[in-house]
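Undergrad: Taking the hints into account, I'd like the entire structure generated from these sequences.
Listed here are the chains, written in short residue letters.
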Amino acid sequence: MTIKKFVVGSFDDEAVLFPAVKKVRKAGYKIHDIYTPFPVHGLDGAMGLRDTSLHTAGFIYGLTGLTTALSFISWVLTRDWIQNYGGKPHFSLPAWIPIMFELTVLFSAVGMVLTFCYLCQLAPFVKKHHFHLRATDDLFVMVIECTSKTNVQEAEAFLTAAGAQEVNVQLAETGWWLGRYDMEKKLFENKTETVTA
Amino acid sequence: MIKQQFEIPSGYKKWTYGLLAIGIVAFVAGFIFLGMSKDEHDQTRFWAVLLQNSLYFLMICNAAMFFICALTLGHSGWQITFRRVPEAISAVVPVFSVVALLVFIGIIMGHQHHIYHWIDKDAVANDSILTWKKGFLNPTFFFIWTIITVGTWSLVGRKMRQLSRKADEGPMSVEEAKKYTWNSTVWAAIFIVAFALTTGSTIPWLWLMSIDAHWYSTMYSWYTFASTFVSGLALIALYIVFLKNHGYLEYTTREQLHDVGKFIFAFSIFWTYLWFSQFMLIWYANIPEETIYFKTRLQGAYRGIFWFNFIVNFVAPILILMTRGSKRNYAVMTFMSVLIILGHWLDFYQMVMPGTLGDHFTLGWFEWGTLALFLGMTMFFAGRALTKAPMLPKYHPYLKESLIHHT
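Chains H and X, in that order, are what the protein sequence lines are.
963 is the number that the numbering used here gives to position 176 of the first sequence; each next residue is one higher, with no gaps.
462 is the number that the numbering used here gives to position 280 of the second sequence; each next residue is one higher, with no gaps.
Misleading hints may appear alongside valid ones.
[To be verified] Quick list of in silico lysine to any residue cross-link-like pairs, SDA-like style, CA-CA up to 20 angstroms:
| no. | chain 1 | residue 1 | chain 2 | residue 2 |
| --- | --- | --- | --- | --- |
| 1 | H | Lys813 | H | Thr839 |
| 2 | H | Lys875 | X | Lys444 |
| 3 | X | Lys316 | X | Trp397 |
| 4 | H | Lys875 | X | Glu471 |
| 5 | X | Lys316 | X | Ala305 |
| 6 | X | Lys444 | H | Cys907 |
| 7 | H | Lys875 | X | Leu480 |
| 8 | H | Lys875 | X | Ser459 |
| 9 | H | Lys875 | X | Phe458 |
| 10 | X | Lys444 | H | Val892 |
| 11 | H | Lys875 | X | Ala305 |
| 12 | H | Lys875 | X | Phe476 |
| 13 | H | Lys791 | H | Val892 |
| 14 | H | Lys791 | H | Cys907 |
[Said to hold, decoys possible] Listing some non-contacts, in silico: residues in chain H with all C-beta distances to chain X over 12 angstroms:
| no. | residue |
| --- | --- |
| 15 | Lys810 |
| 16 | Met834 |
| 17 | Thr843 |
[Unchecked claim] Residues of chain X placed beyond 10 angstroms of chain H at every Cβ, according to the derived structure:
| no. | residue |
| --- | --- |
| 18 | Phe213 |
| 19 | Gly317 |
| 20 | Arg340 |
| 21 | Met462 |
| 22 | Gly482 |
| 23 | Ala498 |
| 24 | Leu585 |
| 25 | His588 |
Please keep in mind that the hints were generated in silico from the structure rather than gathered at the bench.
Don't be surprised by glycine CBs; every beta carbon is placed ideally from N, CA and C.
TA: Okay, structure coming up:
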């Protein structure tokens with residue numbers, strides 16, 4: 788949860804953004820993220836992001852749900868509370884399959900939603916830093932993370948040369964925790980966002 | 183260099199004629215040793231195997247047209263670059279319709295009452311259940327409805343293919359493109375309605391479920407549909423991979439194959455859903471006249487085939503086709519497509535055989551030979567249909583959507 792320095796460049800065209808991403812990566816800058824108003828096909832590939840592991844997590848949650856349902860129902864109906872349902876065997880798998888299926892779906896769905904929120908750093912009461920408010924409207928906002936070796940002026944000039952409409956430097960907190968930003972009042976006192984209509 | 187016109191590669195020809203040769207030898211030998219045999223088991227085996235194969239291949243080829251029509255109706259565009267593949271497969275429908283009709287004539291006129299118990303007039307007269315079903319299960323209605331069905335499939339399918347060929351003629355203006363899309367939508371809708379009234383409901387009752395004339399299941403038609411649709415998709419996937427490997431379908435990318443893979447994955451699970459729903463209701467109610475169907479399959483001689491069928495058609499697709507990488511991989515998709523086509527062929531086998539041959543079934547030279555015959559016929563006619571149209575409907579209004587398709 789440290790506060791880091793970011794160079795933020797806003798682009799108003801995808802056609803400019805893609806070559807810019809390529810140039811920025813080639814120059815060795817570390818792209819923190821790119822905020823776009825809509826999902827841009829191929830941008831993840833251009834940024835060199837690896838495929839998400841969300842589906843692997845979903846598979847594991849599903850297996851967990853399946854195991855939970857099977858072990859609980861079988862424990863209840865064969866050991867804890869044995870009952871005779873229409874003369875069926877106590878261990879009657881076909882009747883349990885719908886419930887096993889439903890718990891599989893429930894666990895994987897809920898688990899994936901929570902994991903997704905975690906990966907996107909979303910939770911109730913967490914305030915997120917917006918690098919540029921127009922990222923939700925009509926601008927593609929590229930955020931470069933400054934390391935100890937980054938020359939900020941050079942990075943700004945580089946983004947302008949790559950076609951950015953607006954470039955500025957912002958301090959923002961990386962990582963997240965519940966209510967973290969509420970405690971860091973200072974961050975919100977000096978507003979760095981430039982909103983132009 | 184884009185290869186616009188399909189020319190049948192020599193390897194394809196070799197396989198086609200090889201399979202046809204094996205199939206014809208098996209068919210002739212089967213006709214002499216089984217079909218003309220005095221033994222009723224042999225005769226029944228001959229006709230049951232022909233019934234299983236002709237219906238299976240007729241319905242998977244028709245599933246290709248269902249694929250086109252369903253996607254046309256959904257105004258989808260991603261399939262346009264390889265649309266000529268399912269079209270070519272569906273062009274085999276009239277051929278297999280004739281084959282199936284010949285098989286029906288052989289069974290019903292030849293009085294093969296071990297296959298369709300309800301053609302035996304004396305048995306029906308002394309059987310209250312069959313007497314009650316007489317209005318539906320009788321040769322006249324059977325033939326009329328079958329001819330209407332295969333006729334509709336063939337004719338509306340032909341109309342859809344003709345409409346598709348219009349996209350080769352020249353650029354369309356916006357008005358023309360709108361009219362073209364509307365026309366395709368209307369004809370696709372007609373096909374879907376016909377398909378729902380036939381494959382989706384009545385036809386599997388007549389053709390397959392009436393083998394067990396006393397038994398019925400309202401899931402049966404959907405089960406048959408799911409089985410044939412997923413195999414039809416697997417056949418389309420096989421052709422896409424084959425054509426890609428021979429330098430055709432330049433604009434069909436892994437994105438399209440990925441989507442076909444998703445369809446195969448999803449409909450394998452859909453098939454299992456119906457497989458289980460049909461089983462569970464019968465298991466739960468435990469009424470003897472219903473459980474008889476699963477008695478032979480689950481506890482009788484078909485136990486092995488029944489569970490093998492479940493593993494091949496559910497466990498394998500769900501585990502192997504689950505990841506993104508496997509649906510985009512040519513080798514995995516080819517393997518799974520072959521597995522699914524054979525798996526559902528076996529599914530049809532266990533739908534037909536217990537009611538006809540009972541415990542006297544064999545999975546021997548005649549069964550595999552007939553499979554070779556029908557595979558050879560599918561390859562021969564589908565390959566010939568592929569050569570007749572350019573591989574890409576160049577001026578189709580939705581072509582661009584397909585070119586930039588991205589999953």
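Undergrad: Against the 20 angstroms threshold, does the CA-CA distance of Lys444 of chain X and Val892 of chain H hold or violate the hint?
TA: holds (18 angstroms)
Undergrad: Are the Cα positions of Lys875 of chain H and Ala305 of chain X separated by 20 angstroms at most?
TA: violated (36 angstroms)
Undergrad: When you check the alpha-carbon spacing of Lys813 of chain H and Thr839 of chain H, does it fall within 20 angstroms?
TA: Roughly 23 angstroms separates the two Cα atoms, so the pair is violated.
Undergrad: Examine each Cβ of chain H, and state whether all of them lie more than 10 angstroms from the Cβ of Phe213 of chain X.
TA: holds (43 angstroms)
Undergrad: The output says Met462 of chain X does not contact chain H. Does that hold with a beta carbon cutoff of 10 angstroms?
TA: Given a closest Cβ separation of 5 angstroms, the condition is violated.
Undergrad: Verify the proposed pairing of Lys791 of chain H with Cys907 of chain H, using a straight-line Cα cut of 20 angstroms.
TA: holds (18 angstroms)
Undergrad: Checking the smallest CB distance to chain H, is Leu585 of chain X really beyond 10 angstroms?
TA: holds (13 angstroms)
Undergrad: Against chain H, does Gly482 of chain X hold up as non-interface, every C-beta pair farther apart than 10 angstroms?
TA: holds (18 angstroms)
Undergrad: Given the hinted pair Lys875 of chain H and Glu471 of chain X, is their Cα-Cα distance within 20 angstroms?
TA: holds (18 angstroms)
Undergrad: Would you check whether the claim that His588 of chain X is not at the interface survives, using Cβ distances to chain H and the 10 angstroms cut-off?
TA: violated (5 angstroms)
Undergrad: Was Lys810 of chain H rightly flagged as not at the interface, with every chain X Cβ beyond 12 angstroms?
TA: holds (23 angstroms)
Undergrad: Does Thr843 of chain H really sit off the interface, with its C-beta more than 12 angstroms from all C-beta atoms of chain X?
TA: The assertion about Thr843 of chain H is violated, with a minimum of 9 angstroms to chain X.
Of the numbered hints listed earlier, those contradicted by the structure are 1, 2, 6, 11, 13, 17, 21 and 25.
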